[in-house]
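Visitor: For reference, the chains in residue letters:
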Amino acid sequence: MERVPLEKKVLSENDRIAADLRGRFADDGTLALNFISSPGSGKTLFLERTLEALPKELRVAVLTGDIQTDNDARRLSRVGFPVQQITTAGACHLDARMIDRALSAWNGDRFDLLLIENVGNLVCPTSYDLGEEAKIVLLSVTEGEDKPLKYPGAFLKSKAMVLNKIDLLPYVRFDVRLARGNALQINPDLTLFETSCTTEEGLDHWMSWLQARLAAHAVNVAC
Amino acid sequence: MHEMGIASSIMDAARGEAARFPGARLSRIGVRIGEWAGVDTESLRFCFESMVLGSDLAGVQLDIDYCERGADLDIAFVELED
Numbered sequence: 001m002e003r004v005p006l007e008k009k010v011l012s013e014n015d016r017i018a019a020d021l022r023g024r025f026a027d028d029g030t031l032a033l034n035f036i037s038s039p040g041s042g043k044t045l046f047l048e049r050t051l052e053a054l055p056k057e058l059r060v061a062v063l064t065g066d067i068q069t070d071n072d073a074r075r076l077s078r079v080g081f082p083v084q085q086i087t088t089a090g091a092c093h094l095d096a097r098m099i100d101r102a103l104s105a106w107n108g109d110r111f112d113l114l115l116i117e118n119v120g121n122l123v124c125p126t127s128y129d130l131g132e133e134a135k136i137v138l139l140s141v142t143e144g145e146d147k148p149l150k151y152p153g154a155f156l157k158s159k160a161m162v163l164n165k166i167d168l169l170p171y172v173r174f175d176v177r178l179a180r181g182n183a184l185q186i187n188p189d190l191t192l193f194e195t196s197c198t199t200e201e202g203l204d205h206w207m208s209w210l211q212a213r214l215a216a217h218a219v220n221v222a223c
Numbered sequence: 001m002h003e004m005g006i007a008s009s010i011m012d013a014a015r016g017e018a019a020r021f022p023g024a025r026l027s028r029i030g031v032r033i034g035e036w037a038g039v040d041t042e043s044l045r046f047c048f049e050s051m052v053l054g055s056d057l058a059g060v061q062l063d064i065d066y067c068e069r070g071a072d073l074d075i076a077f078v079e080l081e082d
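Protein chains in written order, with my numbering: chain C, 1 to 223; chain L, 1 to 82.
Just so you know, the hints here were simulated from the structure itself, not pulled from any lab data.
Quantities reported herein were computed from a predicted structural model and do not represent experimental measurements.
Even for Gly, the Cβ is constructed at its ideal location relative to N, Cα and C.
There's no promise every hint is true.
Stated by the list, open to error - One-sided and incomplete, this derived list gives chain C residues near chain L with beta-carbon spacing under 10 Å:
1. 4
2. 6
3. 174
Stated by the list, open to error - Chain L stretches covered by chain C per the calculated footprint, using a threshold of three residues with CB under 8 Å from any CB of chain C:
4. 36 to 46
5. 49 to 61
6. 69 to 76
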């Protein structure tokens with residue numbers, strides 16, 4: 001009997017495709033962002049508001065994952081940018097191959113910004129690298145402040161957290177300071193935003209961050 | 001669902017490793033799963049054991065090394081018999 005030691009990622013095939021995607025995004029100057037949250041945190045409306053605020057000349061594309069229906073793609077495509085629905089037919093997350101397949105349907109079109117709305121789930125999507133530059137986790141005030149402690153992986157692997165639906169704060173028992181503290185306890189480097197997609201409060205901060213990322217990205221590509 | 005996919009990835013990766021040693025039979029696979037990897041180890045074991053039944057990997061054992069505070073999702077070793 002021989003034991004062969006290995007240091008191999010279980011998801012090495014996914015990671016290989018994700019690395020290939022990351023290389024293509026770098027070559028094309030695409031900023032790719034992967035949005036993760038529980039179902040019902042407001043990802044789709046948050047992305048609609050983001051798309052509405054982006055300059056129309058920017059080359060933006062959206063991939064949206066759900067287990068069934070193309071409802072989200074229909075909502076997001078109203079803004080006018082190209083949108084594709086990825087229907088996973090049961091899978092609880094998007095993987096790199098799904099992104100690769102969806103992008104090939106656009107025949108190599110280049111984008112400045114690719115927004116990926118993952119399947120509503122705080123667990124499985126965190127394991128699958130999609131070649132993105134950053135994961136963004138959304139948490140809404142109708143959930144518990146302890147979500148970051150209960151589902152640390154999503155918060156640990158994200159670069160930013162959006163605390164959404166803050167217009168509902170007067171009606172729900174939610175301690176913003178506690179939620180922020182819990183998130184930073186898991187990941188002290190998280191950039192935090194507080195937004196309402198109904199009143200649009202706080203969206204300007206998010207858009208400034210996004211514009212800065214886009215600008216930094218464009219400079220890197222130019223170099 | 002998720003653990004089924006992970007089990008399938010473990011089986012594929014282990015097959016790839018075993019293929020480097022022609023004639024040897026894979027007997028055990030060791031994986032390291034971190035607390036934050038988002039994988040339920042009992043569910044993973046159940047999926048693995050169900051999937052190897054009747055497959056080319058029938059009888060292969062799965063060792064799970066669960067570690068706290070990590071996001072590891074790695075294959076640590078394979079054991080081969082001549």
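Visitor: None of the hints should be skipped; say for each whether it holds.
Guide: Going down the list of hints, with the structure as the test:
1. Because the closest C-beta pair between residue 4 (chain C) and chain L is about 5 Å apart, less than 10 Å, the hint holds.
2. A distance limit of 10 Å between C-beta atoms decides the matter here; for residue 6 (chain C) the minimum to chain L is near 5 Å, and the interface restraint holds.
3. Interface restraint check: residue 174 (chain C) against chain L, minimum CB-CB distance 24 Å, threshold 10 Å, status violated.
4. Under the rule that three or more residues need a Cβ within less than 8 Å of chain C, the assignment of the segment 36 to 46 of chain L holds, with 4 such residues.
5. As drawn, the segment 49 to 61 of chain L meets chain C at 0 residues by the rule of a beta-carbon pair under 8 Å; below three, the given contact is violated.
6. Figure legend: the segment 69 to 76 of chain L, annotated as covered by chain C; annotation consistent (5 residues with Cβ-Cβ distances under 8 Å, at least 3 required).
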